[in-house]
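For the record, the sequence lines run as chains A and B.
Under UniProt numbering, the first residue of the first sequence carries the number 1, and numbering increases by one thereafter.
Under UniProt numbering, the first residue of the second sequence carries the number 1, and numbering increases by one thereafter.
Hint data in this document are derived by calculation from the structure and do not stem from the laboratory.
Fair warning: this is a prediction, and the values are worked out from it, not measured in the lab.
There may be inaccurate statements among the hints.
Identical copies go unnamed one by one, so any copy, or any two together, can satisfy a pair.
Below, a list of computed lysine-lysine pairs in the BS3-like style, where the Cα atoms sit at most 25 Å apart [claimed, not checked]: (1) Lys109 to Lys285; (2) Lys199 to Lys180; (3) Lys78 to Lys28; (4) Lys93 to Lys420; (5) Lys420 to Lys28; (6) Lys108 to Lys420.
There are 2 protein chains.
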Amino acid sequence: MTRIRISRVLAQGEDGQSVTISGWVRSKRVSKNFAFLVINDGSSQTDIQCIIDADKPFYDDLGRANTGASVRIDGVLKESPGKGQAWEVQVDKLEVVGESGDGYPLQKKGHSMEFLREIAHIRGRSNTFGAVYRVRNQLAMMVHEFFQSRGFQWAHTPILTASDCEGAGEMFQVTTLDLKNLPKTKSGDIDYTQDFFGKATNLTVSGQLNGEALALSLGDIYTFGPTFRAENSNTTRHLAEFWMVEPEMAFANLHDNSILAEEFLRFMFTQIAERCEEELSFLGKHFKNMSSEQIRELGAHSFGRISYSDAIKELESASTKFEFPVEWGIDLQTEHEKYLSEEVFKKPVIVTDYPKDIKAFYMKLNGDDKTVAAMDVLVPRIGEIIGGSQREDRYDVLKARMEAHDIPVDEMRWYLELRKYGGCPHAGFGLGFERLVQYVTGMGNIRDVIPFPRVPQSIDF
Amino acid sequence: MTRIRISRVLAQGEDGQSVTISGWVRSKRVSKNFAFLVINDGSSQTDIQCIIDADKPFYDDLGRANTGASVRIDGVLKESPGKGQAWEVQVDKLEVVGESGDGYPLQKKGHSMEFLREIAHIRGRSNTFGAVYRVRNQLAMMVHEFFQSRGFQWAHTPILTASDCEGAGEMFQVTTLDLKNLPKTKSGDIDYTQDFFGKATNLTVSGQLNGEALALSLGDIYTFGPTFRAENSNTTRHLAEFWMVEPEMAFANLHDNSILAEEFLRFMFTQIAERCEEELSFLGKHFKNMSSEQIRELGAHSFGRISYSDAIKELESASTKFEFPVEWGIDLQTEHEKYLSEEVFKKPVIVTDYPKDIKAFYMKLNGDDKTVAAMDVLVPRIGEIIGGSQREDRYDVLKARMEAHDIPVDEMRWYLELRKYGGCPHAGFGLGFERLVQYVTGMGNIRDVIPFPRVPQSIDF
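Next up, chain A with everything else stripped away, as it sits in the complex:
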């Protein structure tokens, strides 16, 4: 018989149904007359309890069915008399498929998150990481669902790029040159014409610039893929490799952009609370996170709106003492962002029209010549979760801004040309996907929301 997932048994099981279940032993209790095996197969937060009568011929095999062993069980579904579980399996046949070996590292006692990171190849079998990974999968699919249902197309923008002007931080270099024997030009520089692509190559820090080209062909697109920053930041909020969501809309301005961002986040909050209630309830209990009710609430109300200039006034008149002093022109710090969303608005808020000097070259210059059509979405507990802007669509203005930012105009000719050939107002934003997973799951360290985290000095697995 083909195995049936435990999630399916729990959702659609019927009393007396014959089932085959395969999974890993979470715990075992053996007594004189019967034994209990608690099994999880990764499909669901809830385990299933299996009961084995002592007269079964395979009763002795139970010795091998230790915590972590993989088993296959044929049996019959019964309504469970136990508290908090709807079904249990009366076992007819037990096969220990793979023993758990000496020193199986994932025991029932709680392990530290640091230890679990050292066994990243196995931590997915724990309650915590099973929950996080299922929430991650669900959030990822909801990204697609949201944008596709609105007619956005998923665009695969390149990871490898010769451009280093995206201005979002340090980049990783990619090469096939033999580092022990680097080819040199006559003038003694490295001869990149002999490298794979014929020029120095990096890992992308954003798909936006390519995304703009595709939005100006297909209308509305979004990217959703890995992105890289070579920042030497050993924090709980930074990864060297992370996933970004970057929608881009043609024929759209900052207002349209802020509506999209708000509708997107409200959809994510409302729906994840609905779809992963068991996982969020487990995580909420163990990690002092928001309850699924609180997450749902975040999506239930419209977001606040405030301009950067008014936000500065709010901060200046605050009675709170900030570590970083406030004046017009500063980049908002997390403490400021949290104050605005937690204290002033008591909900997510979108701040618009930041000073041009603290924002990227591609953002549309406003009429005041001092601010750009940028926006950040700030949420309680963490501050900024989304950053975006209307893009500068005037050829001459963009060219001047590029020159002012020392962007090599020649190399970026194609990007400028998007403003020359049927250009139009367009806008988009970026969301660091792990930040969202972290926010929703309450994981304190971003290394715990991606299966195999990449951070400075750490690339095992």
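Once you've looked at the hints, dock chain B against the given chain A.
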């Protein structure tokens, strides 16, 4: 009024409906009494025709609405008297949002594919690339739909890896070291402890090994993300950066794997023919590709099955003269693969149990000690489209195979441990996503099925 997508107008328009359309001018015809503008906004293969009466005040603006210009049109939907179009727009207001500039490169006349590759930032506005990109988006979403509906979780496996043993070809090196001033160890080697991750780092050639760890936690997973090969192959079938789909199932053997691969491909063929009929019909006409009817047919019948050994017998007894001689032990060449699927089975066929010496170290050794539980899916016209296997789940056998293949066992300890701690039979396969897009769209060159292709000596845009 918010713009409405042309795809929506065509599907759900009503006579007399007021609409706002934004898009790019495909062509213009001006006469004394009225003018026609043909508009496309990237949402649909079919353009929409807009009619402007000569008495409109903005009639003179038409001079600026050249091919490639972006426009915004307010008007009323009318049933069209023209052939092959259901709707046209009677224009009330026209705004030229962005002119197309002198020398707009995408003129109505046909351009060569080579030329279009040189304007990759704009080629998405052509009929051909609009079609390819929409088919690509649809296929990508169907990958998710297929696996998610079967309870597989989308797993984000890392791009950056310290492992170079995946054995699937040349790798790109990733570094933050200053190449002009490389740190050296006392013995004169490059000192990778000073590199970002503290050791030599590469771009992944496959997410499989990490995917196995996740399948052995979550049950069934699939990866779908970018993958890299630094092979210096300037062909129509190779990209340095491409997207792979790699499902992995716990508690599954080669038979389960071949069923999954067959059901997956049949779903893709049947559904894409349904959902992108307009695009496929356009491409079929222009690129001598299969018609959407032929693509649907591929999915309508069960696939053939044959063992490698029997396939060799078929090839040996063929009257066809092959360029590469056939004998047991050879790696099948495209000519052999095409013969098997086109001549012997006349449909897709799954070849199983290849000689161990031509396959990767992680494939499960069969009882004959000569073959492994591998499978390739071969399709007419191109040959292999999917490769997969049951994985070796016996600790000792795998360790011996790794040693025989010079795989550093120490570094891969975590991978071996998956066989020690609750291991189980598991299996999976890999599909090069661009090969599938190429197959379905009929594009002769793989560079034309990804928006910004990365190939040797070419990394513009």
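Item to check | Enumerated hints in conflict with the structure, sorted upward | outcome: none
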